[in-house]
Amino acid sequence: MVYRFRVILDADEDVFRDIEMLQESTLEDLHNTIVQSFGFDGSEMASFYISDEEWNQGEEIHQFDMSGHDTSIKLMNETSLDSILSEKQTKLIYVYDFLKMWTFFVELGQIAEIEEGRDYPNLMFVHGQIPESAPEKEFKGEDDGMLNGDYDDGYDTDDYDDLSFDENWN
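Residue numbers for the sequence shown follow my numbering, beginning at 4 and rising by one.
The hints are all genuine.
Only pairs whose alpha carbons sit at most 30 angstroms apart, straight line, appear in this in silico BS3-like list of lysine-lysine:
hint, residue 1, residue 2
1, K77, K94
2, K77, K91
3, K103, K77
What follows is a list of derived Cβ distance ranges for each label pair:
hint, residue 1, residue 2, range
4, N35, M69, 16 to 24 angstroms
5, S89, E57, 16 to 24 angstroms
6, E116, N59, 29 to 37 angstroms
7, F108, L78, 20 to 28 angstroms
8, E116, S75, 31 to 39 angstroms
9, D15, V129, 17 to 25 angstroms
Keep in mind that the hints were calculated from the coordinates and are not lab data. What you are looking at is a predicted structure, and each value in this text was computed from that prediction instead of being measured. Even for Gly, the Cβ is constructed at its ideal location relative to N, Cα and C.
Assemble the whole structure, with the sequences as input and the hints as a guide.
As structure tokens, this is what we get:
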């Protein structure tokens with residue numbers, strides 16, 4: 004079977020790619036296809052996140068195992084598309100380059116038959132140009148102000164005399 008995806012950049016302008024992948028392809032294959040179809044060089048780290056219907060970020064699927072010995076994490080190269088996606092579970096969030104936070108909504112739009120003579124993965128449709136820089140994000144959480152740099156820690160950074168530390172601490 005073939006999985007047909009729409010991969011949408013989280014931005015004000017409409018920028019998306021329609022991609023076909025074989026169901027037994029891995030998330031690493033999908034990652035590589037997304038990177039190529041949007042014109043990235045592939046040198047930055049990325050992750051997929053399983054998402055619900057409201058695009059809430061769920062379980063992370065890592066590109067590399069940087070945990071050391073945590074066997075519970077999922078890796079892109081070990082996770083096939085058909086092991087996490089179905090007609091009921093159709094949405095993933097993809098983040099490329101954790102410093103710039105290029106964020107994409109990946110939605111399984113159709114499961115179709117393999118077409119003879121077609122190579123997969125297949126870039127079916129391209130719409131829009133990726134901007135020069137990643138769109139700005141507003142992070143949300145329990146304390147929205149803290150996440151977006153809007154906080155008052157109670158310290159006057161211009162008055163170091165009131166801070167309690169020893170000048171010869173090192």
